[in-house]
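*Asks:* Protein chains in written order, with this note's numbering: chain A, 17 to 293; chain B, 97 to 257.
These aren't lab readings, by the way, just hints derived from the structure by calculation.
Just to be clear, a hint being listed does not mean it is correct.
Derived lysine to aspartate or glutamate pairs resembling EDC-like cross-links, with alpha carbons at most 20 angstroms apart [claimed, not checked]:
id, chain 1, residue 1, chain 2, residue 2
1, A, Lys154, A, Asp218
2, A, Lys103, A, Asp229
3, A, Lys245, B, Glu222
4, A, Lys260, B, Glu186
5, A, Lys245, A, Asp204
6, A, Lys246, B, Asp190
7, A, Lys211, B, Glu222
8, A, Lys246, A, Asp218
9, A, Lys29, B, Glu186
Each pair of labels, with its calculated beta carbon distance range [unchecked claim]:
id, chain 1, residue 1, chain 2, residue 2, range
10, A, Glu247, B, Leu229, 19 to 29 angstroms
11, B, Lys102, A, Lys29, 15 to 25 angstroms
12, B, Thr191, A, Lys211, 42 to 52 angstroms
13, A, Leu87, B, Phe197, 22 to 32 angstroms
14, B, Tyr196, A, Tyr31, 28 to 38 angstroms
15, B, Tyr100, A, Leu87, 44 to 54 angstroms
16, B, Phe225, A, Lys220, 22 to 32 angstroms
17, B, Val123, A, Lys220, 29 to 39 angstroms
Note that the coordinates shown come from a computational prediction; the quantities given were computed from them, not determined experimentally.
Glycine residues also receive a C-beta, built at the ideal position from the N, C-alpha and C atoms.
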Amino acid sequence: MIKIFQRLGYQFKEYVLLVILVIVSLISISLSEKPQAKKLKALAIANFAVLSEITESVASIFSGDVSVEELKLENAKISLQLSKLKKVAAENEELRAMINMRDTSSSPLIPVRIVSKLITKIQGNFIVNRGSGSGLVKGMPVINHQGLVGLIMDVAEEYSVVRTLQNSSLNIAVTLQRSNVDGILSFDGRDLVIKNIPTTYDVKIGDRIETSDFSSLFPPSVPVGVVLKKETNELGLLHSLTVKPFADIEATNNLFVIGIVPSKQVNHLEMNLLKKP
Amino acid sequence: MSNYLKPILYFIPLLLIQLVVVPLISVFGTVPNVIFIMVIYYLLLGGQIYGMILGFLAGFFFDLFSGGVLGASMLSMTIASFIAGYFYNENRVDTNTASYFFLVILFIAEFINSLIYSFAGNFNPEVRFTSLLLEGALLPAIYTTIFGLGVVAFKMRKGKI
Chain A
17 MIKIFQRLGY
27 QFKEYVLLVI
37 LVIVSLISIS
47 LSEKPQAKKL
57 KALAIANFAV
67 LSEITESVAS
77 IFSGDVSVEE
87 LKLENAKISL
97 QLSKLKKVAA
107 ENEELRAMIN
117 MRDTSSSPLI
127 PVRIVSKLIT
137 KIQGNFIVNR
147 GSGSGLVKGM
157 PVINHQGLVG
167 LIMDVAEEYS
177 VVRTLQNSSL
187 NIAVTLQRSN
197 VDGILSFDGR
207 DLVIKNIPTT
217 YDVKIGDRIE
227 TSDFSSLFPP
237 SVPVGVVLKK
247 ETNELGLLHS
257 LTVKPFADIE
267 ATNNLFVIGI
277 VPSKQVNHLE
287 MNLLKKP
Chain B
97 MSNYLKPILY
107 FIPLLLIQLV
117 VVPLISVFGT
127 VPNVIFIMVI
137 YYLLLGGQIY
147 GMILGFLAGF
157 FFDLFSGGVL
167 GASMLSMTIA
177 SFIAGYFYNE
187 NRVDTNTASY
197 FFLVILFIAE
207 FINSLIYSFA
217 GNFNPEVRFT
227 SLLLEGALLP
237 AIYTTIFGLG
247 VVAFKMRKGK
257 I
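Next comes chain B alone, as it looks inside the complex (with noise of 0.2 angstroms):
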């Protein structure tokens, strides 16, 4: 199957995880963001268009199904698609995607996306800056990073199989 349309086959089981199973290892709040985590893997072997239309579908069916804002995810991961894109190079995509560079892009597009999200989504102007700065970004990109390693390690044993 094309690589283009197996993030399509991906997203339900995905979601289902982000909402039913990830919830379980919430940390003071804070949980990855798996959805993202194969956004940004896609767009390093697809490109940034590529990457900002399965940002921008993603976001829309997350929206869909979360019960949160429609709109906020759709906005937020596709300018961090878009942002993401930046680094994507034909010529070391395997360095990208099996290298732990993988991980300063994902820790680089998680925290955009979730500082987007979370002004998007905020309608209270007594929200802090800084908790929405800190805990709101910061935290879900450290938490959404440290699942990513596991995306590089299997990419890593792959290549060396």
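Here chain A stands alone, though its shape is the one from the complex (with noise of 0.2 angstroms):
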């Protein structure tokens, strides 16, 4: 009997291999949110991320410009102010209150470069090269000077993972900044959308987008996009809006870390919505 699996298992060799790998390749990615999971990741970034920082330094030699980046920094500032002078501007007296609540201009933005970039259609992660050592937290905002570029994932000492904005994984809690009309932006893998939004609200080509107040995810009032196209559903009943982000993810090369710590409870509730479902 053995003899026979024993010749069975030599004339299908390729077939016992491609069934050991292929349910190896599974449990691992059922695995891959797990902290012992998530450890060895980090601690795979913080060796490979040095290689990638030196790497990535060589080639963008002839993009050092100090100046530059100082003054990016402070465009970012001013982009976030303007945002949320805008917003204040556009409010009545009830939401004038909200100026007490927890404000995003005056928060401490962490300068951070790219060292590696994974572009795919599906996951779009950054590693970016400040860490844990760096006060960066897992759950921070990470913005440039445009606008929302995507979330602190997983922290390492000397590093820290990035998921974009082009992550299906992503989803984000969004107001149109005229109209006050919320939504939940994701990523369908071509553009980012707002699905499901009554045709009875208030929504125009060019409408402004921004964080909502809702999400401690994020901060309120930080700029992501404007809305590109506006589709209806076969019922006419709801919109789906295509958004066209502020921040060019894919040619950004400094980013900037919002250091915001956000509230314990509320973050772990959301950051559970991120995981996988």
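Since each chain comes alone in its own frame, lean on the hints to assemble the complex.
*Replies:* Have a look at this one:
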């Protein structure tokens, strides 16, 4: 009996090996969000990112102008302030009370540089050159001088992984600045979309989109993008909005982490929403 | 050095190129997969089983160092290498690696690799299937195949010398 199995195993060794490797891969996928796997990844990234950083600094030898980076930092701060001011101007007396809420424009901005990029249509990830040693914490929002870029997802001592807007696992509570319509922004593999907005709501092409007051994953009033396209579903009841992000995510190299540590309890709840269903 | 060990030597430099240099030449969010070009090349030299193991290990380290979903590349590269392994013929190694037939094999394998990677790494049910098929699989396959021209040209030239 054993000889028969041995002979079969030898005869179909490619298939046996394929099945074993596929099973190991599937187990790895199912365990990829577990703390042990995250630790392993953080350790690997921390070591590999040193090499990436050296390579990146060689690759960007002609773009290392410090004054440009300082201007970008200033621009990012002004961008946040401008967004806040625009909103305040448009709001009524009831909303003005919100000025006392968390003020993102005065939050510390931690400059970081991208050392490697994972560009795919599903998993947009960056590795940046600062980690827990610089005060970065999982869940901190990441912007560039144009607008929102993503969220810190994994942190090592010297490096962090940023999940970008172009990642199908990231869903963000956003609001349309002009009409205060709220929705959930997600990436559908091609575009950033906000689905299921009732057609009775006031939405126009070109409306500015920013993070919502309802999200504690992101601070309110961080600029995200503009409405590029509006499509109505077959029944004519709901809109699907295509959003053009302010930030040129693929071309960006310098980012800023907003040093906000969200409420632990709420953050825990929201980070759970990021996990796979 | 044995051909079987060469990919290990090339892996780290290629990984650095893939994650640091290649994003600089992305076209509409599509990048070529230089690591997989290496996997397919050595698969056609070493055979199906060798290629599967190489694809599995390359995928594992790529997932680990890139910050992506652990296991997604392992799965996609293993299956794509298994399929590409059917093109291996020890009597036609030169024909397979130093002719345009290499590009055909690379295109098919990379299409399968990207498609499986897109599905394995996606946890959002609202992502469009057409988007995964065209932009997630077809475009990277075309772009990778264009890069594979370099390997073929190099091998052809080496053959003439």
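*Asks:* For every hint, state whether the structure bears it out.
*Replies:* Quick rundown of the hints versus the structure:
no. : hint                                     : in the structure
1   : Lys154/A to Asp218/A                     : violated (35 angstroms)
2   : Lys103/A to Asp229/A                     : holds (12 angstroms)
3   : Lys245/A to Glu222/B                     : holds (18 angstroms)
4   : Lys260/A to Glu186/B                     : violated (51 angstroms)
5   : Lys245/A to Asp204/A                     : holds (14 angstroms)
6   : Lys246/A to Asp190/B                     : violated (54 angstroms)
7   : Lys211/A to Glu222/B                     : holds (10 angstroms)
8   : Lys246/A to Asp218/A                     : holds (12 angstroms)
9   : Lys29/A to Glu186/B                      : holds (18 angstroms)
10  : Glu247/A to Leu229/B: 19 to 29 angstroms : holds (21 angstroms)
11  : Lys102/B to Lys29/A: 15 to 25 angstroms  : holds (24 angstroms)
12  : Thr191/B to Lys211/A: 42 to 52 angstroms : holds (51 angstroms)
13  : Leu87/A to Phe197/B: 22 to 32 angstroms  : violated (52 angstroms)
14  : Tyr196/B to Tyr31/A: 28 to 38 angstroms  : holds (30 angstroms)
15  : Tyr100/B to Leu87/A: 44 to 54 angstroms  : holds (52 angstroms)
16  : Phe225/B to Lys220/A: 22 to 32 angstroms : holds (30 angstroms)
17  : Val123/B to Lys220/A: 29 to 39 angstroms : holds (32 angstroms)
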